[in-house]
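Novice: Residues per chain are reported as follows:
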Amino acid sequence: ELKVEQNPLFLSMQEGKNYTIYCNYSTTSDRLYWYRQDPGKSLESLFVLLSNGAVKQEGRLMASLDTKARLSTLHITAAVHDLSATYFCAVDRIQGAQKLVFGQGTRLTINP
Amino acid sequence: ETGVTQSPTHLIKTRGQQVTLRCSSQSGHNTVSWYQQALGQGPQFIFQYYREEENGRGNFPPRFSGLQFPNYSSELNVNALELDDSALYLCASSSPGPKRGYTFGSGTRLTVV
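Line order of the protein sequences matches chains A and B. Following the working numbering, the numbering of the first sequence begins with 1 at its first residue and continues without gaps. Following the working numbering, the numbering of the second sequence begins with 1001 at its first residue and continues without gaps.
Check before you lean on any hint, since a few could be wrong.
As the list claims (entries may be wrong) - Below, in silico cross-link-like pairs of lysine to any residue (SDA-like), each with a Cα-Cα straight-line distance of 20 Å or less:
hint : chain 1 : residue 1 : chain 2 : residue 2
1    : A       : Lys41     : B       : Ser1007
2    : A       : Lys41     : B       : Gly1056
3    : A       : Lys3      : B       : Gly1056
4    : A       : Lys3      : B       : Ile1012
5    : B       : Lys1013   : B       : Arg1109
6    : A       : Lys41     : B       : Ile1012
7    : A       : Lys41     : B       : Arg1022
8    : A       : Lys41     : B       : Arg1051
9    : B       : Lys1013   : B       : Asn1079
10   : A       : Lys56     : A       : Arg70
11   : A       : Lys17     : A       : Arg70
Unchecked claim - Non-contacting residues of chain B with respect to chain A, defined by C-beta distances greater than 12 Å in every case (computed):
hint : residue
12   : Pro1008
13   : Leu1011
14   : Lys1013
15   : Ser1024
16   : Gln1037
17   : Gln1041
18   : Phe1069
19   : Asn1071
20   : Ser1073
21   : Ala1080
22   : Leu1083
23   : Asp1085
24   : Leu1088
25   : Gly1105
Note that these hints are calculated values from the structure, not bench results. In this text the structure is predicted, and so the values were computed from the model without any measurement. All C-beta atoms, glycine included, are put in the ideal place defined by N, C-alpha and C.
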């Protein structure tokens, strides 16, 4: 059974600092997604990582994928308050149904 | 390019009642998946519909059922509602193949009292 684990689950940081969220998954997959969710809202797609070594950046967020280690990271550079949200990683499983298996989420709070 | 629309946005039901949630898929997408997101947790896969047939199911009881229509829109039906069914229900449309991607709707917040 495919499992996806994120850490940390809760992260409180100051503006201007850097930090990394980790996402581990249990079985082979070469497609990983990162989503942002604001309270009470739906999922906003941030990145789709398609292959080993893939790196994508958007503003202060950068995501990478290591399929051999079954690990993805979401790095936050010089955090700002607007990045406060819950971040989910998800792995695409296409055996049988085409479905996403999500991690538990990382609740990020950025303090002034 | 139209997005994914879900209705209603909020719903309050009594335990034991039945509910129907609706989802329109994004233009060009023929697959619809439903997810349940309980408070403070990640979304959990309920089931998927492809070309009007169920194409996989997560660990949910039979009282969770669905339909997909010829225009690829979909319904999620839940019978005999329980308090634990209170959650955000998300619909995602996608298309199969190497360029697949998922577009999520805004969700339906269901509260069972």
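Novice: Taking each numbered hint in turn, which are not upheld by the structure, reported in ascending numerical order?
Specialist: Numbers 2, 4, 8, 11, 16, 17, 24 and 25 - these are the hints that the structure violates, sorted from lowest upward.
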